[in-house]
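Peer 1: Starting from two chains that each stand alone, build the complex the way the hints lay out.
If you want the building blocks of each chain, they are given just below.
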Amino acid sequence: MTRRASTTALRVAAAGVALLLSFPFYWMLLTTFKRTSDLYDLKNNPLLFNEAPTLEHWRFLFADTLYPRWVANTLAVGAAVVAITLLLAAPAAWALARLTGKWGERVGIGMFLMYLVPPTLLFIPLSRVVALLDLQDSLWSLIVIYPTFTVPFATWLLFGFFRSIPRDLEDAALVDGLTRFEVFRRVVLPVSYSGLVTVAIFAFTLVLQEFVYALTFISSASNQTVGVGVPIFLVRGDVYYWGELMAACLFASLPVAIVYNLFLDRLVQGFTMGAVK
Amino acid sequence: MIAPAAAYVALLVGLPVLMSLFLSVSDARVGSETISFAGLTNFKSALATPAFRVALRNSFLFTAASQALVVAGATLLALALREPFRGRGLLRLLVLLPWVAPISLGAIGWKWLLDSLYSVVTWVLVALSLVSASNPPMWLGEPRLAMLSVLLVHAWRTLPFATMILLAGLSAIPRDIPEAAAVDGSGFWRTHLTITLPMIRPILLVALLFGVVFTFTDMTAVYILTRGGPADATQVLPSLAFFTGILGGDLAQGAAISLFLFPLLLAAAVALLRLARRAEDAS
Chain A
1 MTRRASTTAL
11 RVAAAGVALL
21 LSFPFYWMLL
31 TTFKRTSDLY
41 DLKNNPLLFN
51 EAPTLEHWRF
61 LFADTLYPRW
71 VANTLAVGAA
81 VVAITLLLAA
91 PAAWALARLT
101 GKWGERVGIG
111 MFLMYLVPPT
121 LLFIPLSRVV
131 ALLDLQDSLW
141 SLIVIYPTFT
151 VPFATWLLFG
161 FFRSIPRDLE
171 DAALVDGLTR
181 FEVFRRVVLP
191 VSYSGLVTVA
201 IFAFTLVLQE
211 FVYALTFISS
221 ASNQTVGVGV
231 PIFLVRGDVY
241 YWGELMAACL
251 FASLPVAIVY
261 NLFLDRLVQG
271 FTMGAVK
Chain B
1 MIAPAAAYVA
11 LLVGLPVLMS
21 LFLSVSDARV
31 GSETISFAGL
41 TNFKSALATP
51 AFRVALRNSF
61 LFTAASQALV
71 VAGATLLALA
81 LREPFRGRGL
91 LRLLVLLPWV
101 APISLGAIGW
111 KWLLDSLYSV
121 VTWVLVALSL
131 VSASNPPMWL
141 GEPRLAMLSV
151 LLVHAWRTLP
161 FATMILLAGL
171 SAIPRDIPEA
181 AAVDGSGFWR
191 THLTITLPMI
201 RPILLVALLF
211 GVVFTFTDMT
221 AVYILTRGGP
231 ADATQVLPSL
241 AFFTGILGGD
251 LAQGAAISLF
261 LFPLLLAAAV
271 ALLRLARRAE
281 DAS
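Residue numbers (our numbering), protein chains in the order written: chain A, 1 to 277; chain B, 1 to 283.
The following block holds chain B by itself, in its conformation from the complex (with noise of 0.2 angstroms):
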């Protein structure tokens, strides 16, 4: 009874990833008839292009730093959601909401709130005095203010949903040892320091190893807030894999850059499976 599911599975998930392999160290071109082995040019080239080690590098700095921003964050909002209170189901469906609607309507409305005429982050900030209003910032016009624009709109998709993983791992931990802490005269900061973020420590993985995960290969953020743009600043590897192998036709390069993804995935899928197995030990 596994059998069609594993199937389906094999054919078309574990077949295409030989199959990119395979392209990747050919020479195949979207309309082009024969193919022919073609080594290892295809990712000697990527490494030579200018486009393509940006594009490697800003894989791995959004990556970085969102999830940086997003483990902070999602701590402190674990922690305020843990108990309950009033107001606690709403505040909990608007983080939520980040998370659950489609990445690429979400990031179509940033695209709108970060207008190069219109912005409503640039009039609340030219209110607040904090720029001025005759030379606003191109927020996605401009290359340092695109990564950031770009970095935080991963940001703000992933939060929720660390968020919701933090909070289901508070929910196990056992409710009398942070009070004994607290009735041992620890105060409330370094308890949670101290005890809380140990005991969650397994768990704030989890939520990274995802957020790492999705972050890396997503290209909807990118695709639709710059094009990669301004001149290729905030290209990453799966948004240049698609304008090189999809709508560049180059199927061998694209299949080769894409497959840088692949380390990565590797790694923390290997993590996973070791937090996992832990926890099969543990119970």
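One chain only, chain A, in its complex shape (with noise of 0.2 angstroms):
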């Protein structure tokens, strides 16, 4: 094969599997706008429209479930934990990022293993740690935790883009008589929003991500996430309603996969650990 053959079928095959990939969300659209009765014909061809499409499910979803409150807990709690998560993160990722030799990169390093430790090994014990706090099926209970994961990672992140900030702007603010929190309050922090706003945003769709802690913590239907509340309380009894459950599933997840196609570059830096320059 000529190396331009072999090119074009390599690229075939990626379109492929990039079809066979994203299929279940051309799946999720359609069933979303099918009538029911389109939907449970087993004599349809279930790939095309067999009756008028409709917005029932879409309707149905926003009005008449718990859905809309799901979505505003999911936000309140992503804000709460984007906060906390800057307050915490952003001044150790500095102080790191300042100290000399390569020991700032080795306590960051740790720092992101963290992230490592799953919810899975640590539900159990924080669970009776929330029940202490009297937090549970309390939306508390997810903004006290959420940061155990958000706060590793955004830590070795910003620690990347501090680094990249030159030193002799500090020193000349320095020279000028600020404090070190003078500094880095009013010469790093500015100089630093977008590295800002990524870790933001990457911390905001950790908490949309999340699933094992919400159902750990949370029991009532009204106090769920979007992550917990449309797999688990979106279905009646044993019946499953998989218009409105794919409509709140691609609700969720296009905004989410737009922004993160944004972001992407800086992330992967973040998760290659320096392994690539």
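Just so you know, these hints were derived from the structure itself, not from any lab.
Nothing here was measured: the structure is a model prediction, and the numbers come from that model.
Positions of the beta carbon are idealized from the N, C-alpha and C atoms, including for glycine.
The reader is advised that the hints may include incorrect statements.
Listed next, with one range per pair, are the computed distances between beta-carbon atoms [stated by the list, open to error]:
1) A:A172 x B:G89: 39 to 49 angstroms
2) B:G248 x A:L169: 51 to 61 angstroms
3) B:I173 x A:A172: 32 to 42 angstroms
4) B:S129 x A:A13: 33 to 43 angstroms
5) A:R106 x B:S171: 41 to 51 angstroms
6) B:A10 x A:R4: 21 to 31 angstroms
7) A:Q269 x B:S129: 41 to 51 angstroms
8) A:F233 x B:S134: 32 to 42 angstroms
Chain B regions said to be covered by chain A (calculated; three or more residues, Cβ under 8 angstroms) [stated by the list, open to error]:
9) 32-42
10) 46-56
11) 211-225
12) 235-242
Peer 2: Dropping the structure here:
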């Protein structure tokens, strides 16, 4: 095969894989607009609209279920967790970035590895902690616990940003008589704006994707987040209402996908831990 | 300035790990007032239950099989998406979707795709005459098929992540080396196999280690797709720990089960540290 033909073959194969990977989302989209009678008729070709499309599933989801409440809960928890994450991670990352020698990076990587301690190892002891704090079935339990995985990742990402800021900038400000803290607040933070936004968005998406802690700590339907509310509480009895379910999934997934795509390169840099320069 | 972040993580990650160790050698249950030392009975009784042994085997099987698929698929995708061409941005977004969608929502999507009556996967296979319409496959109801389904959902979810890591790795390889090889007359596939792949091996390893950690410690896919069923056939360590410790209220036994995740996590962390150290030395 010539080089050109090989490249084309590779791209065609990749396009096939990409279509296969994204097919579930296409199928979700189709499902949300199909009439119930169309969905549950075995004689129909499921890939086509056999009856006129409908907005009924979307209307039902937003008007007659707890879904809007779950979206609001998720947004509230997300905002609180992002605030806590930035407050804790930004100073820590800056201090690490200003340590001389290799120790800043080593401590930073150590912090990052804490991100790998999974909820499934911690949920049992943390359920005791949540009980001790009397936060069962409260969104506050999530606000307290979620920073355990957002702070390690955020510290590591911000460490990379702060390290790329030239030290001269800070030294000049110090000479001007500002204290360390003022330098951090008035010089470092403003030039790190894009880094802080990236971290805020990433922390928010981690909150949106979380399942295990919310399933463990929250029991009542009205206190759920989207990630648990949809798969567990949108199912009535044993009956799955697929039209609404798929609408609920798409509505929560697509905005994240688009935002993620914009910030992807920076996030990947975080995961490669300096193995890629 | 590191102190607040470090204290937060120490209190709510470090301390709970110790609590977990403590619980695993106790007889703690939800609602019981007294706790006493129980030695290694929880670990012993876990090892003696058939459900645990199935879960232990499944955890390794799901992780190994799904990550093998992921490494192969991600390498192919990354090589294909490396150079700019029309439509690359769209393909990248499509590939990314399974990773960015919350896992619990992606899994519920698959539950619909694999529905016992209205599965579109079955419909396509019937249309291609690969399965018979009168005896459709019970994707999530028959033990072997359920295992295959869970495994493929794991692969589906982690493939994008590995692809993106590999793409970053490929972009760091000097372009002229493979081109020099091409001028030397070594063919396209040969160039990739003998030159590109060895060069991205460290980054492939990074992607694999994260994939292993994410898959091995995940209970969401199993919980939503099968609840560990049919009859515990697809149970994994994290989901079994959840059913035992949280739903069953046996905190001690649940903690013991989840601690079986620890050795592999530790090994992955050490491997990642060594890779990072090597990158540090090279710089």
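Peer 1: Hint by hint, say whether it matches the structure.
Peer 2: So, going through the hints one by one against the coordinates:
Checking the proposed 39 to 49 angstroms range against A172 of chain A and G89 of chain B shows it holds: the Cβ atoms sit about 41 angstroms from each other. At about 57 angstroms, the CB distance of G248 of chain B to L169 of chain A agrees with the hint of 51 to 61 angstroms. A hinted range of 32 to 42 angstroms holds for the C-beta pair I173 of chain B and A172 of chain A, which are about 38 angstroms apart. Separated by about 24 angstroms at the C-beta atoms, S129 of chain B and A13 of chain A break the suggested range of 33 to 43 angstroms.
About 26 angstroms separates the C-beta atoms of R106 of chain A and S171 of chain B, a value inconsistent with the hinted range of 41 to 51 angstroms. The hinted range of 21 to 31 angstroms is not satisfied by A10 of chain B and R4 of chain A, whose Cβ atoms lie roughly 57 angstroms apart. The beta-carbon spacing between Q269 of chain A and S129 of chain B, approximately 48 angstroms, falls within the hinted interval of 41 to 51 angstroms. In this structure the supplied range 32 to 42 angstroms holds for F233 of chain A paired with S134 of chain B, their Cβ-Cβ distance being about 36 angstroms.
A stretch counts as covered by a chain when three or more of its residues have a beta carbon under 8 angstroms from one of that chain; for the segment 32-42 of chain B and chain A the count is 0, and the coverage is violated. With 0 residues having a beta carbon nearer than 8 angstroms to a beta carbon of chain A, the segment 46-56 of chain B misses the requirement of three or more and the stated coverage is violated. Residues of the segment 211-225 of chain B with a Cβ under 8 angstroms from some Cβ of chain A number 7, which satisfies the need for three, so the listed coverage holds. With 4 residues having a Cβ less than 8 angstroms from any Cβ of chain A, the segment 235-242 of chain B passes the three-residue criterion, so the hint holds.
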